[in-house]
Amino acid sequence: MSAGEALRDGGARGAARKPGGNPALRYIDTVLRGCGQVIFMNSPATGLLNLVAMFWGAFAGGTTLAVASGSLVGALVSTAVAYPLGADRDALRMGLFGFNGMLLGAGIPTFLANTPVMWTVLIFAAAVVTVVTLATDNLLSYRRTPGLTFPYVLTTWLVLLAAYRLAGLQIAGTPPAMLASPAQSTGAPIGIFAFLHASLVSVSQVYFVDNAISGAIFLVALVIHSRWCAGLAAIGAMTGVAGALLIGADRTMILHGLWGYSAVLTAPAIGCIFMKPSPRTLIYCAAATLFTVIVQAAVSTLAQSAGVPPLTFPFVLATWIFLVARRPSDIDVTYVSDL
Amino acid sequence: MSAGEALRDGGARGAARKPGGNPALRYIDTVLRGCGQVIFMNSPATGLLNLVAMFWGAFAGGTTLAVASGSLVGALVSTAVAYPLGADRDALRMGLFGFNGMLLGAGIPTFLANTPVMWTVLIFAAAVVTVVTLATDNLLSYRRTPGLTFPYVLTTWLVLLAAYRLAGLQIAGTPPAMLASPAQSTGAPIGIFAFLHASLVSVSQVYFVDNAISGAIFLVALVIHSRWCAGLAAIGAMTGVAGALLIGADRTMILHGLWGYSAVLTAPAIGCIFMKPSPRTLIYCAAATLFTVIVQAAVSTLAQSAGVPPLTFPFVLATWIFLVARRPSDIDVTYVSDL
Amino acid sequence: MSAGEALRDGGARGAARKPGGNPALRYIDTVLRGCGQVIFMNSPATGLLNLVAMFWGAFAGGTTLAVASGSLVGALVSTAVAYPLGADRDALRMGLFGFNGMLLGAGIPTFLANTPVMWTVLIFAAAVVTVVTLATDNLLSYRRTPGLTFPYVLTTWLVLLAAYRLAGLQIAGTPPAMLASPAQSTGAPIGIFAFLHASLVSVSQVYFVDNAISGAIFLVALVIHSRWCAGLAAIGAMTGVAGALLIGADRTMILHGLWGYSAVLTAPAIGCIFMKPSPRTLIYCAAATLFTVIVQAAVSTLAQSAGVPPLTFPFVLATWIFLVARRPSDIDVTYVSDL
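The listed protein sequences correspond, in order, to chains A, B and C. Take the first sequence: its letters are residues 0 to 338, numbered as in numbering that gives the first Met the number 0. Take the second sequence: its letters are residues 0 to 338, numbered as in numbering that gives the first Met the number 0. Take the third sequence: its letters are residues 0 to 338, numbered as in numbering that gives the first Met the number 0.
Please keep in mind that the hints were generated in silico from the structure rather than gathered at the bench. In this text, a Cβ means the ideal position worked out from N, Cα and C, and glycines have one as well. Certain hints may be false.
Each pair of labels, with its calculated beta carbon distance range [as the list claims (entries may be wrong)]: (1) 27/A <-> 119/C: 30 to 40 Å; (2) 171/B <-> 27/A: 54 to 64 Å; (3) 177/C <-> 172/A: 53 to 63 Å; (4) 44/A <-> 119/C: 39 to 49 Å; (5) 331/B <-> 279/C: 43 to 53 Å.
Calculated Cβ distances over 10 Å to all of chain A for the following chain C residues [what the hints assert, rightly or not]: (6) 164; (7) 166; (8) 329.
This is chain A alone, in the form it adopts within the complex (with noise of 0.2 Å):
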């Protein structure tokens, strides 16, 4: 059974409330529930709602037209080209196909220059996201294990070590690769309010967006599909940002969000998404939820000695550490609908 396929209930019910009509409508649709999906939700509202916060950081700061229209084209070009490479439709139809597309038209723009071959690669990447997802649910499915952002972190930093070979792809944002070296201990604490300015930057990170009004309209988003989603979401940036105070991360690094975005995604994922919610679910959720602290800064350290950033791999490898401990029967992939 494809991950597509057991997921087909969610998707068939999800398909039920609005049954059809226009082709084009129906893509739309689809694609907006792609963006949904970058954090969990089968929902256009939820979808349209993160392209409004994308657009915000390109308005107010934080984040660049190109990152936000390039998170568009990316969600547009991986959903379109999934009808014909024979994509499972359920799981196309619940915008599974789309939120690779997103988070690698957004990765792309944010470390590469603003260029018409960066546009030509993007654009390419975002058909190749597709394939690489199909692959990923392949390899995967035998344990029923979700490809989670895989395809997009696999593609994004194939993209970007290979600009450090091609004249014609601009290397602009990404930190010079450097061999590990010890941490500096850094700083005075912080107050309360640096603490949730963090955080909610820390949920707008995951979108490559610097910007805590765009990190609530993304939790506002959340809530109006899943209350547990949103506010697991919420407790794991919390989580992310505490457990980077305690242990010595950058303070800066800490402030602008990127030691929460993992963990962001992290804690929905193992405690209302993948899981069934329980007591003993959210122990587990805690646990995955503060490991991913430690793989972030793993990840940190190996991607940098590559010259490319960790992207939401330390979500990835903890998640999957996490579910593929369990049995097969233990993982469900359609609480998000009934949430």
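Guided by the hints, dock chains B and C onto chain A, whose structure is given.
Frame of chain A, contents of chains B and C only:
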């Protein structure tokens, strides 16, 4: 079903054409098929011509006698070791336990100094590559995914990385390990003759030979067994060179065939060997071949930071992704015999 | 069938010998078996002697009290956590959820400064290593492949890599991150006494102890449960030392046992634990053990470029390759109880 079993039909037919006789002759026939299987050909004539092209490069320039001899030794050893290891007899008979040994035997003397210790390690590693091939086939068989040249890549990388710690193995040809740094814009466009020359050299660089006439002999060796495969290999080479030029890769490396050799393998692998040729397949093949150029750049960046060459891993990664994305029933490993 | 289930027979027999009684005593018995399973022994006596060897090293020199205590804490925590996580009871009873915790608990204080934050992270990581063990077993069970010490390697690497970003964890023992550079030819041959000493120290370095008497105690701990395993571990150590000497590894590191400790584990793993002992198996085992020396060198190069030690990953990689290359029916995880 193992990859070997999947290939049984083709193998049985191949065996039928050469129904046996002298065991020594059968072994030589098998080794030659292994030299043909580097580029997917279950043909002793292709294998023999491939060896001619290697020794032509050693004679005329573009590689050394150690590399050409190493490729023969590698194929002899890896094939011989497959018998006592209990490899599937039909797969063995088709040369599927020779091509990784051939490439490893060419690769090690390309990058390590020609000493008795190097030859001892080469022979040992050519035996181990058969163990790695069995392990790779076993891991991937549940998805009917071929191991491709991954066993050669992994084993050769291990030997080259090991050489940095072992004074008995002197590194002679690997570029020094370097952190990723931004690409330099490079030079003027090239003419049509240089373009075709670079494409032919790309074919010969599959085998670590930097010689256009060798490249032409490798193509002739393909034409006599499969025009489809020869055509797609040539188109793959030109796509690799053209893609690298357009996106600003280093001009000197392009002219030495170092940007096209992976695409030489991806194009026939997707276009006619592991999928049924069709217009849809050709579009899919074009995307996979272009993607191989990006993967070539990305793997080069990562590999150089470790001090090793990318070998054919870009082909392996791109082809695996594009094959695993299909349903197992879409993957066919018997077309090569029918072409 | 999970690895745990595959081991059920052996486990049942082990359980039969100690039919229950006081739960606290049973837990201590299980933890001691875990300390024995580092080297494949389902024996509380072996585990107890292993701990004696650790504390001997802390007392006589060659390691610290933090490392010896950490190994005990790691085994206690990782075993305890396995109960609420629902691990297979027979596998748990055999100590299969203790040995990764023991090694992680020894490894972290070897490389990080002895601070309260380090101990907090050690205890948390020892709990997580049980989750990683469950995930590894689930992933590999379809090929009846044991997880070996991979969970310990992965989790310890993540903690050490994380320390480069977290000022709360002070790096104390890892060699600085360095790009690969050519090996230096090193020194004169060594005498038979130095050779045997280096071999004994190689045994103790499995546990991060640099002490020949500890090495001898570790061997005695093996002899009392399995002479085959003790003999192969000793031969593995000598093969690792001899191979490293012949091929030009750094003399000082050889004398400190850092070239033999992986081979100490590969030799019994292939020779008598996971395959049925036979003359064919011994030849296969010799090849795997020699290959481990090359993998040790390769992994050292890669790991040093990331700023971490190779740990026992060379053993894991070589043993996985040589086991996965066999048919699942050739892999037997119950021989250890019969030896």
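(request) Mind checking the hinted window 43 to 53 Å against the Cβ distance between residue 331/B and residue 279/C? (result) With Cβ atoms ~35 Å apart, the hint is violated.
(request) Go ahead and decide if the range 53 to 63 Å is satisfied by the Cβ distance of residue 177/C to residue 172/A. (result) violated (27 Å)
(message) According to the definition I'm using, a residue is off the interface if its beta carbon is farther than 10 Å from all beta carbons of the partner; does residue 329/C meet that for chain A?
(response) holds (22 Å)
(request) Note whether the CB distance of residue 171/B and residue 27/A lies within 54 to 64 Å or breaks it. (result) Roughly 59 Å apart at Cβ, these two residues keep to the hinted range, so it holds.
(message) Would the non-interface assignment of residue 164/C survive a Cβ cutoff of 10 Å against chain A?
(response) violated (4 Å)
(message) The hint says 30 to 40 Å between residue 27/A and residue 119/C; measuring C-beta to C-beta, is that right?
(response) violated (50 Å)
(request) Examine each Cβ of chain A, and state whether all of them lie more than 10 Å from the Cβ of residue 166/C. (result) violated (3 Å)
(request) Can you let me know if the beta-carbon spacing of residue 44/A and residue 119/C is within 39 to 49 Å? (result) Since the Cβ atoms of residue 44/A and residue 119/C sit about 42 Å apart, the hinted range of 39 to 49 Å holds.
Violated hints for the displayed structure, listed by number in ascending order: 1, 3, 5, 6, 7.
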